[in-house]
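What follows is each chain in one-letter form.
Number of protein chains: 4
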Amino acid sequence: MLKKVDVRYLKDPEDVGLENPIFIEGLPGIGHVGKLVADHLVNELRAEKVVEIYSHYFPPQVMVQEDGTVRMPVNEVYAWKSNGDSSDLLILVGDFQSISNEGHFELVNAYIDIAKRFGARRIYTLGGYGIGKLVEEPYVIGAANSQDVVEELKSFGIKFEPGEPGGGIIGASGLLLGVSKLEGIDAACLMGVTSGYMVDPKSAKVVLDVLSKMLNLEVSVEALEERAKEMEKIIAQIKEMQEMAVQQWKSDEDLRYFR
Amino acid sequence: MLKKVDVRYLKDPEDVGLENPIFIEGLPGIGHVGKLVADHLVNELRAEKVVEIYSHYFPPQVMVQEDGTVRMPVNEVYAWKSNGDSSDLLILVGDFQSISNEGHFELVNAYIDIAKRFGARRIYTLGGYGIGKLVEEPYVIGAANSQDVVEELKSFGIKFEPGEPGGGIIGASGLLLGVSKLEGIDAACLMGVTSGYMVDPKSAKVVLDVLSKMLNLEVSVEALEERAKEMEKIIAQIKEMQEMAVQQWKSDEDLRYFR
Amino acid sequence: MLKKVDVRYLKDPEDVGLENPIFIEGLPGIGHVGKLVADHLVNELRAEKVVEIYSHYFPPQVMVQEDGTVRMPVNEVYAWKSNGDSSDLLILVGDFQSISNEGHFELVNAYIDIAKRFGARRIYTLGGYGIGKLVEEPYVIGAANSQDVVEELKSFGIKFEPGEPGGGIIGASGLLLGVSKLEGIDAACLMGVTSGYMVDPKSAKVVLDVLSKMLNLEVSVEALEERAKEMEKIIAQIKEMQEMAVQQWKSDEDLRYFR
Amino acid sequence: MLKKVDVRYLKDPEDVGLENPIFIEGLPGIGHVGKLVADHLVNELRAEKVVEIYSHYFPPQVMVQEDGTVRMPVNEVYAWKSNGDSSDLLILVGDFQSISNEGHFELVNAYIDIAKRFGARRIYTLGGYGIGKLVEEPYVIGAANSQDVVEELKSFGIKFEPGEPGGGIIGASGLLLGVSKLEGIDAACLMGVTSGYMVDPKSAKVVLDVLSKMLNLEVSVEALEERAKEMEKIIAQIKEMQEMAVQQWKSDEDLRYFR
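Residue numbers (numbering that gives the first Met the number 0), protein chains in the order written: chain A, 0 to 258; chain B, 0 to 258; chain C, 0 to 258; chain D, 0 to 258.
So that you can see chain A by itself, here it is in the shape it has in the complex (with noise of 0.2 Å):
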C-alpha cells in the first residue's frame, strides 16, 4: 500500500550519524538548474541514498528504463559525511515536484521532517531564475528566510535585488523557505539566472560555484556540461514519446466510458 506521502527509511537517521547536516533541495524547475547542481553533487560525492518518498501528488504513472523494468517516480534523500572540512549533507533529489495545489504543502511537510530527524541545521533550495532571454553572464541570485541569511549570502557575491523574483518562489524550493521559517531553522533560495527556454548548465555552473564556496566543497564541475547535455537529450526524447501518450490516453477517454 502506498500512502499519500509514503517517506521510507533505507537507513535509520541516527545510524547514518550526520553532524548537523545542511540540507540541500535540488527537484525539477525552471531551466532544471537546481537538479543538476543536486544531481551533479549525489554523483560527484557518491553520496548514499537513505530515504526514498512516493507520493500520490506524483503523475499516475511508471517509468520504463533502458533495460525494460520499470520504476516509480519517486523524491530521494541522499547523505554525504564530510571528512571534517565541510558540513555533512542531506541532498533532496528526485523526478517531481506535485502535481496539485495541496501536494506541495504535503510534501514539503514531509521533506522539512526529514530535515529535521537527520539533525539539519540549515536548508538551501536550488533553482533557476528564468529571465525570458538569453543570459551571456549568468549569475546567482538569492532569497532567505532571515535577514542574517540574507547577509551572509550577500557576502559569497550573491545578488539580491529588490522586488526580484517579483512573482515569488513557486513550489518546493519556495515553501521549504516558508514553512522552515515557521519552524525555526534557516533557509536561503540560491537561483541561478537562466533564460528559462533549455536544461541550463551555465546557470547549474555558477550555482554550484557559489555553493561550493559556502559548504567549502571541492567538486569538479566537468561532468556537469555533459550531464546536461545528457538531460536534454532525454528530455527531448521523453517529451516527444510523453506527448503522445498522453495524447493517445486522452483520446481514448471516451472509450473508457462504456463496458
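One thing to keep in mind: the hints can contain errors.
Since copy identity is lost for identical chains, a pair holds within one copy or between any two.
Cross-link-like lysine-lysine pairs, in silico, DSSO-like; alpha carbons within 30 Å at most [claimed, not checked]:
#1 K180 to K232
#2 K158 to K204
#3 K228 to K158
#4 K158 to K3
#5 K132 to K232
#6 K153 to K232
#7 K132 to K2
#8 K10 to K115
#9 K180 to K158
#10 K115 to K2
#11 K132 to K10
#12 K204 to K153
#13 K48 to K158
#14 K132 to K204
#15 K2 to K48
#16 K204 to K48
#17 K80 to K132
#18 K204 to K3
#19 K158 to K10
#20 K201 to K10
#21 K115 to K201
In case anyone wonders, no lab produced these hints; they're calculated from the structure.
Got chain A sorted already, so can you dock chains B, C and D onto it with the hints?
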C-alpha cells in the same frame, strides 16, 4: 508542519480582553475595496496582530520581500481595544482567499471559530460590487443575514436594491454571512460600487465613511488614496512578474516528467 | 462550523411519523424538469420541511434575496403525510448538485441515509431527457434499478427504448438509482423528454401526470406553467449577473496574488 | 453507503481456494487491447465473479442497460481454477480507470490488496501501445518490475526496445507494476502495438497468443474479432449519446445556479 488550515494564536483571546468585539473582514476581492479599507483600519488604529492563518489552500509559493527575505502567504487577524466610544474590533486582512472551492468553506469555518473565541457579537465583511463601467459617485450597497440588520444598515444610508447583487456574493465575504447565520451571529456585507477594473480608493472611501459612522470611529481617510496608488503600482509590477514566473513554471512542466 | 456534507434535521424522523414513504428527488438538471415537478409538489401539497443539507460541494457563495438578506446554498427534504389514499412522501429539492465529481457520491450517500432514516421504501428521481430539438408532444422515458420496477413503470405508459438514454444518467438522479440498488431499495428515474434548451413546463407536466397516477395523488397542474415562466425569468436575470460576477472575480484573481 | 474505494467480496478468498494465482488486469485503455483480452478470457474460461469494486473516483453516473435497468460503474475481479495444466487466475476487468490523478493510486492499492488476499504470486497487466499509425503486423512489447521477469518475457518472444514506451506507462497498468515492486510481487505489462485509433482485435490477438503461451492456457481466439466489432459499435453509439448528454449537462450548469 503546516496543517491544512493552520491557525496560530500569537496571544490568548482572554489576555487580549476584547469586549464583544465586531469582526471585520477585508480580504482581496473585486476592486480590492475591502482590502483597502481593512488594511487602512489596521494601520490607522495601530491594531495589534493576534492571529496568523496559514493554509494549504493558499498558492504553493512564498513572496520575496524588498530586503530579500521571504514570507509565507498568510492571513492575519488584528485586535483593537476601543477607548469606550466605539466597539472593540477584530480585523481580518491578508494575502489570499482560497484557491480551491472546498478551501473557501474550511477557511471560513476557521474565521468564524476565531471570531467566536474572541467573543465577537457581529461580523462585517467588506468588498466591492463591480458594475463593469466607471462610477462617478460611488455608493455602498449592502446585504445582511437578518432582516433586522438590513434595516439597521438602511438607517445609515446603505442601499438595498432588489436582486442586487444578483450573482450572489462569492468567497469569504459571502460565506461568512451565510455560515454565521447558521451560528446565530449577526453579519452584514458592505460593498462599494466600483468599476471592477482597478484598485478603487474612491469606492473604499465611501465604504470607510459609512463603516466609521456605524462603528462611531474616527479614522482619517487621507492615506487611503496614497495607499491605493501604491497598491496599484505593486499589483502592476507583480502581475507582470508573476505571469512570467507562472508561464515558465508551466512551460517547464514537461521537463519535470523525467529523471 | 459547516461539515463537508452537513445534514441538519429540523424534526426527528420518528416524530414526523411517515409510513413507508416514497422518496422523490427533483434537483436542478436538464430542462429543470425534475426541479419544476418537485418544487411544484412541495408547494401544492404544502409539505413540511424536515431536513436541510449544506455542503462544501456547493459553490462557495451566498445568494442575496429580494429583501436584502442572504442565504446559504441548501438542499432540503420535505415531508408530506397522506390522508391514506396515497403514499406518504419525502421530497428532495434544492439549489445545487455537487460541483465536484467526488461530491456527487458523498451527497448521494447522505440522501440515501436520510431516506432510510424516514423508512422510505422506494425512490423516484425526476429529470429531463434532452434530445436537442423542440419536442411537440413530450412523453416520459424511464429507467429503474430492477426489472420488476421497469415492468411497473411500463404499466403506467412510461416508455423504455433500448439504449436510451445511451449516455447514462449523470448526477444525483442516476447515482441515487445505482446506490439504492446496492442498498436493496427499489428506485426509478422518470425523465421528461425535452429540448434541453430551456425550462420546460410542458415536459414537467407529463412527468407530473404520470407520477400522480403512480402515487394516486391529485395535484393541480395549473401553477406549473406560471412557475416555469417565473423560473425562466429568474434564470435569465441571474445568469447575466452571475456571469458578470464570476468574470470580475476571475479577472481579479491576479490581484489577489499580492499583499 | 458507498465508500471512496468500495471493495465488496462476493466470496471469501479462502473458499474460492485458488493456489498461487496469477492476477491479470485488463481495464479500458489505449486501443482497448487490454480490456478486449481480459473480457475475452473471463468469457471463454467462464470465470467466476468474486469481487466488485465501486468508487467515488469513477464518473458520477449510472449506465442504462438494454432492458431499462441501470447499473453503477464497477470494476470486477473474476476467479478461475485451472485443471492443473495452467495457473489459477484472477482477472480484473471493468468500466473505468480513475477520473482523478490521486484516485489511480487509491484504486491500485485496492487491486493489490485483493491480489494479496487471494495469494497471487504474479501480476500481468495488459494494454495497448499506440504508435499513431496503422500497424500491419502487430506484436507485443513488454515491461516488467524485475530484470528476471524481463528475461522471462523475452524468452516468449516479447519485444523490448530501449526507451519504449518512452512516455512511461500511465494508469493502472503502469502503477500496478510499480507498487507491486515495492510489495515484492513480480509483475509485467504486455502491450500490443496498435494505432491507438480504434478498438484493435488484431493487436488483442497477439497479446492473447503470447499470454496463453506463458500461462499454458488454451483459449479460442474466434470470438475476439466479433467481440471487437460489437465493442466498436457500442462505443460509437455511446460516444455520440454521451457527448450529447454531457453537453446538455454542461450547458445546463448555469441553470443549476439558482433556486
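Check each numbered hint against the structure and report the violated ones by number, ascending.
-> The structure breaks hints 4, 7, 11, 13, 17, 18, 19, 20, 21; every other hint is satisfied.
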